[in-house]
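Trainee: The primary structure of each chain is shown beneath.
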Amino acid sequence: EPEVTQTPSHQVTQMGQEVILRCVPISNHLYFYWYRQILGQKVEFLVSFYNNEISEKSEIFDDQFSVERPDGSNFTLKIRSTKLEDSAMYFCASSLSGGGSDTQYFGPGTRLTVL
Amino acid sequence: AQSVTQLGSHVSVSEGALVLLRCNYSSSVPPYLFWYVQYPNQGLQLLLKYTTGATLVKGINGFEAEFKKSETSFHLTKPSAHMSDAAEYFCAVSSYGGATNKLIFGTGTLLAVQP
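So the protein sequences, as listed, match chains A and G. Counting from 1, one number per residue, gives the positions in the first sequence under this note's numbering. Counting from 1, one number per residue, gives the positions in the second sequence under this note's numbering.
Chain G extracted, bound-state conformation (with noise of 0.2 Å):
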């Protein structure tokens, strides 16, 4: 079964400073793995996934992550955060192989942009 933890439920940072979301997965198969965002009173939008090939993704507005077998990561950075970003990043790790495709998601994070 696959699950996905995510840590810190709550980050702040400053207005030009890096943003580091983590996310840590448990996949029986190898994993694809997913960042949404979700903006207030908006649905989840992709910002970028991991299925396979290069191990550095880079997403929309400026976000990437990297997939890291060893320690089971897949951290969200972003090297200087902007006001806009201030929003919910949910991590998803697609579970496979049976009837369907379906997405379990993490706990989300929530990151408060400070001016």
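One chain only, chain A, in its complex shape (with noise of 0.2 Å):
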């Protein structure tokens, strides 16, 4: 059954860093999605991708953040300047549509710690 992979599962960086996170969602997928869970947290939105540009980004999606797919099968999301609290799991998912009634199938996440 095909499923979205992401790597690293985990990611040490020091405060101030560029990280990118990496995602393949499913292959024949159109919308993509970053989410993230601090710890203890519920998960939240982060970003949506469609047609290679942003549909709509949360708050937390400031001008830090950017996400790029730079061919056909990865999806990233890239992190200029870490700070303290973007320690979190990043989980990446995909859908077919963009529906409401879509269903997103995630990724096993990456687990970003920030020192």
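Hints should not be assumed to be uniformly reliable.
As a list, the in silico BS3-like pairs of lysine-lysine whose alpha-carbon atoms are at most 27 Å apart [to be verified]: (1) A/LYS78 <-> A/LYS57; (2) G/LYS68 <-> A/LYS42; (3) A/LYS78 <-> A/LYS42; (4) A/LYS57 <-> G/LYS58; (5) A/LYS57 <-> A/LYS42; (6) A/LYS78 <-> G/LYS69; (7) A/LYS42 <-> G/LYS49; (8) A/LYS57 <-> G/LYS68.
Stretches of chain G that chain A covers, calculated by requiring three or more beta carbons in the stretch to come under 8 Å of a beta carbon on chain A [said to hold, decoys possible]: (9) 45 to 57; (10) 103 to 112.
Hints in this document: simulated from the structure, not taken from any laboratory. Cβ coordinates follow ideal geometry from the N, Cα and C atoms, glycine included.
Assembling the complex is the task here: the two chains are given apart, and the hints tell you how they should meet.
Mentor: Following this line, the structure appears as structure tokens:
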């Protein structure tokens, strides 16, 4: 069964450093998402992406964040200058359509630790 | 705007007992509702979803949920808990109608199953 994959599973970085989190969505899906979950808190939407551009972003997704689909398979989240509060589990998801009833399939997550 | 409330951050049941995890939603439009499960160190896996039609929805692993519009609820149940059901469960509502669909999650319920 097709699945969303994410690399790395765990990333440790120093405050102020840039990180790139990578995701490979399900191959025929067209809509891509990033969510994050700070330890002990709820899963929060960050951004959605369709047709090579951002469809929607949350207030969390400020200028330090960017997303890209550099080729036909990868979908990346870049944090330009990490802060301590960026420490969280980051989940990538994809869906076939952007409809409200469509299932979003989640990857296993990347745990980002900012020291 | 849509929102989800999960009552009970921790639920403990005995193996073989009924599992009941509560979820109430708020939505200004007909809701699309989801239950996801997160096993330790894993991503989010869809258990079941309600879109339209039959209000009793059956999912994987013997779970089911009933959409009750009058009570704005979408509680998750399983008649007989198994040790392997120990996980965190998230209720989510789809926020749609704008640029894209995004999931609004509840705070999660950690289910413990006692032998």
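Trainee: Each hint should be assessed against the structure and marked as holding or not.
Mentor: Going down the list of hints, with the structure as the test:
1. A/LYS78 <-> A/LYS57: Status holds; Cα separation ~14 Å.
2. G/LYS68 <-> A/LYS42: holds (24 Å)
3. A/LYS78 <-> A/LYS42: Holds, because 21 Å separates the two Cα atoms, which is no more than 27 Å.
4. A/LYS57 <-> G/LYS58: Roughly 32 Å between the alpha carbons, so the hint for A/LYS57 and G/LYS58 is violated.
5. A/LYS57 <-> A/LYS42: Cα-Cα ~17 Å, so holds.
6. A/LYS78 <-> G/LYS69: This hinted pair is violated, its Cα atoms lying about 40 Å apart.
7. A/LYS42 <-> G/LYS49: Distance ~19 Å between A/LYS42 and G/LYS49 Cα, so the pair holds.
8. A/LYS57 <-> G/LYS68: Judged against 27 Å, a Cα distance of about 31 Å means the pair is violated.
9. 45 to 57: Coverage by chain A holds for the region 45 to 57 of chain G (5 residues, Cβ < 8 Å).
10. 103 to 112: Three-residue rule met by the region 103 to 112 of chain G, so holds; n is 6.
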